[in-house]
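Q: Given next are the chains, with one letter for each unit.
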Amino acid sequence: MQDEPLTVRRRDLLSLIGTMAGSAAMYHAMTALGFASESRYEGPIRLEGDPKGASVLILGAGLAGMTAALELRKAGYKVQVLEFNGRPGGRNWTLRGGDTFVELGGFKQTCAFDDGLYLNPGPWRIPYHHRALLDYCKRLNVMLEPFIQLNHNAYLHASRAFGGVPQRIRTVKADFQGQISELLAKVAGQGKLDEVVSKEDKEILLLALKSWGALDRDFKYKASLLASEYRGYAKPPGGGLSAAPLPSDPLALSDILRSRLWRYLENFASYNFQTTMFQPVGGMDMIGKAFAREVGDVIRYHAKVTEIWQNDRGVTVTYVDARDPAQPQKATADWCLCTIPLSILSQLPINVGATMKAAIDAVPYAGSVKVGLQFRRRFWEEDDAIYGGISYTDLPIRQIGYPNTGFNKSGRGVLLGAYLFEGANSFEFTAMPPDQRVERTVEFGAAIHPQYKSEFENGIAVAWHRVPFTLGCAGYWSEEARKQHYRNLCEIDGRILLAGEHASALPAWQEGAILSSLDAIGRLHERVIKT
Amino acid sequence: MMWHAKTMWHAKTGMRQAAGVALAALSLQLIWPAQGADDSLAPKSHTFSSGYRFVEMSGEELYVNVCRGCHMVDAMGASGAGSYPSLVANRNLEASGYAIDLVLNGRRAMPPFGEMMSDDQIAAVVNYLRTHFGNSYQDAVTARDVQSARR
Chain H
1 MQDEPLTVRR RDLLSLIGTM AGSAAMYHAM TALGFASESR YEGPIRLEGD PKGASVLILG
61 AGLAGMTAAL ELRKAGYKVQ VLEFNGRPGG RNWTLRGGDT FVELGGFKQT CAFDDGLYLN
121 PGPWRIPYHH RALLDYCKRL NVMLEPFIQL NHNAYLHASR AFGGVPQRIR TVKADFQGQI
181 SELLAKVAGQ GKLDEVVSKE DKEILLLALK SWGALDRDFK YKASLLASEY RGYAKPPGGG
241 LSAAPLPSDP LALSDILRSR LWRYLENFAS YNFQTTMFQP VGGMDMIGKA FAREVGDVIR
301 YHAKVTEIWQ NDRGVTVTYV DARDPAQPQK ATADWCLCTI PLSILSQLPI NVGATMKAAI
361 DAVPYAGSVK VGLQFRRRFW EEDDAIYGGI SYTDLPIRQI GYPNTGFNKS GRGVLLGAYL
421 FEGANSFEFT AMPPDQRVER TVEFGAAIHP QYKSEFENGI AVAWHRVPFT LGCAGYWSEE
481 ARKQHYRNLC EIDGRILLAG EHASALPAWQ EGAILSSLDA IGRLHERVIK T
Chain S
532 MMWHAKTMWH AKTGMRQAAG VALAALSLQL IWPAQGADDS LAPKSHTFSS GYRFVEMSGE
592 ELYVNVCRGC HMVDAMGASG AGSYPSLVAN RNLEASGYAI DLVLNGRRAM PPFGEMMSDD
652 QIAAVVNYLR THFGNSYQDA VTARDVQSAR R
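The listed protein sequences derive, respectively, from chains H and S.
Each residue of the first sequence is one higher than the one before, starting from 1 at the first, in our numbering.
Each residue of the second sequence is one higher than the one before, starting from 532 at the first, in our numbering.
Rather than coming from a laboratory, the hints here were simulated on the basis of the structure.
Do not take every clue at face value.
[Claimed, not checked] With beta-carbon atoms standing in for the labels, derived distance ranges:
1. T306/H / D670/S: 31 to 39 Å
2. R584/S / E203/H: 42 to 50 Å
3. W212/H / D651/S: 44 to 52 Å
4. R584/S / R313/H: 27 to 35 Å
5. K483/H / G628/S: 56 to 64 Å
6. G628/S / G411/H: 53 to 61 Å
7. A252/H / G628/S: 28 to 36 Å
8. D651/S / N141/H: 55 to 63 Å
9. G628/S / L193/H: 54 to 62 Å
Beta carbons are placed, not taken as given, at the ideal position from N, Cα and C, and that holds for glycine.
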């Protein structure tokens, strides 16, 4: 910026406040000015005051349940956790070679991946602004590495456009942006924007369009070395005698528009998917396992809850051993934090008030399917130069996720071969037996990577409506349901309160589960201390 | 990508219904069946819709491609931490309006399909369920019934 504005710049004001009043004041000033509000997380929860031996029974050892167990125990509560599965984590889950998974209907799969290769059937990426989850990863020593959401060299694919040939994200992005810039520059030049853009701004706008869209001196986007610096070359710069680059030919705007490939660009723009994103080194379940290192001693596994009953003195939960359900057992506590997914909780006898019960019954669960495929070699890197990231397609598989780790190694690799979320195809894929899901995923994926046919070895498919411990992927709130029921779902009902991603404004995200849990135990603690 | 195995499906349905009724009570005890449900009768090739809404039109095709996901190929449902109910000889299907409402609006673990299926499709799948799997209700519902049930 060359012209110094006459008004005080915000940054100067902030540094002045920082100097005069210290960093806390500066932080509050920044928040007031609209900076620094990346998260609702305010740092490690402080539950001050003596709970005087109060006990809390936590249902579910997912991230919400284990967050509560860890923090409540630290604050002096007696805690106990009942978990349906034989492992901690819930949807925080990773499948590796040798793991078995039995879905509803009894279909059993055994994962045949090589050592070190895995599929995260549930959550697989962490936005940088999910500060609560990141803080727990730090406190629990979970190593993170980058999750690549945008790889310019991955593909966008439309089965009925460009002869079915997948296009590099880089070329679609550059050509779309370039030709929109050219159009806008043209109408601006014709004076058609004069009513909305001042003369001075128009000149700057033209400069900006030239820079943003890779336009030439005539404000045209066309085959040129300039455009190739954005979209890639027909022959990239080299060395020695044949060093000179050759420009590539842009895709026509009309072809891009009709292909609908532009609709995938939002996956790189929206707040939830902006870089930097993370994944735990070795698989998402490293987080669940890290929590369990802290609270595993209070978790009872294979406990299937069958009834939740409260009176004015406490809560009694009936459960059976999921492997041998004949003998009902009971657990009691002063309070109950229930993180059981609503798809299951809505089926259980529970004596809460009518408004909370109506809320529990109001939320259907989304369908989602993930398929992991092992290949003999990492052909996407070796042949296609795709290192991590995601390709998007209009085929039923929707996405191909490339591993964001182990780059440039020889030997086997695992792709996320399909990731469906809601829509007709996620139900259609769920309805197939797992072996057919894998088979069809390989067939569809071969339209994008023909190497599938010769390199495929084995696969595993998880359809979330068939997952015995959730009966669905995540709470799928409608706007009306949220308006009518959300508060009632989150209020304390006698001695029972709920937590989980379904009790958050971040549905289907692990951050939602943790923030919901922290909010719930904060309110519970306040109640306990007062009584 | 339509399937072409309808005749085989029809031919064996009657037999499976009878077996289904007999097994209904017994299967409630089977929380973890050792074997996968027998999907061998279901068509291998499969219709895939191109958008948000389903393209399958017949009740049978909608059942196999959508409902089977949770209620299983024999309509016996399944059970884990929670359950998907069996639709075999299910008395709740007697009230056709109830069945329409469930498919349209969902309830608890059952997702709503009102925005993914047309009136015709919902009528077709409700009629299919009410006349198969040990159910034999003769009062067919119409697309108009579905339309008037939309809220």
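Q: Hints first: check each against the structure and report whether it holds.
A: Evaluation of the provided hints:
Between T306/H and D670/S the CB atoms are about 37 Å apart, so this pair conforms to the stated range of 31 to 39 Å. At about 48 Å, the CB distance of R584/S to E203/H agrees with the hint of 42 to 50 Å. For the hinted restraint 44 to 52 Å between W212/H and D651/S, the CB-CB distance of approximately 48 Å keeps it satisfied. Between R584/S and R313/H the beta carbons are some 52 Å apart, a value that contradicts the proposed interval 27 to 35 Å.
The hinted window of 56 to 64 Å between K483/H and G628/S is violated, with their beta carbons roughly 27 Å apart. Between G628/S and G411/H the beta carbons are some 59 Å apart, a value that agrees with the proposed interval 53 to 61 Å. For the pair A252/H and G628/S, the beta carbons lie near 53 Å from each other, so the given range of 28 to 36 Å is not met. Here the CB-CB span from D651/S to N141/H is close to 57 Å, well matched to the stated 55 to 63 Å.
In this structure, G628/S and L193/H meet the distance hint of 54 to 62 Å, their C-beta atoms being roughly 57 Å apart.
Of the hints listed earlier, those the structure fails to meet are numbers 4, 5, 7, in rising order.
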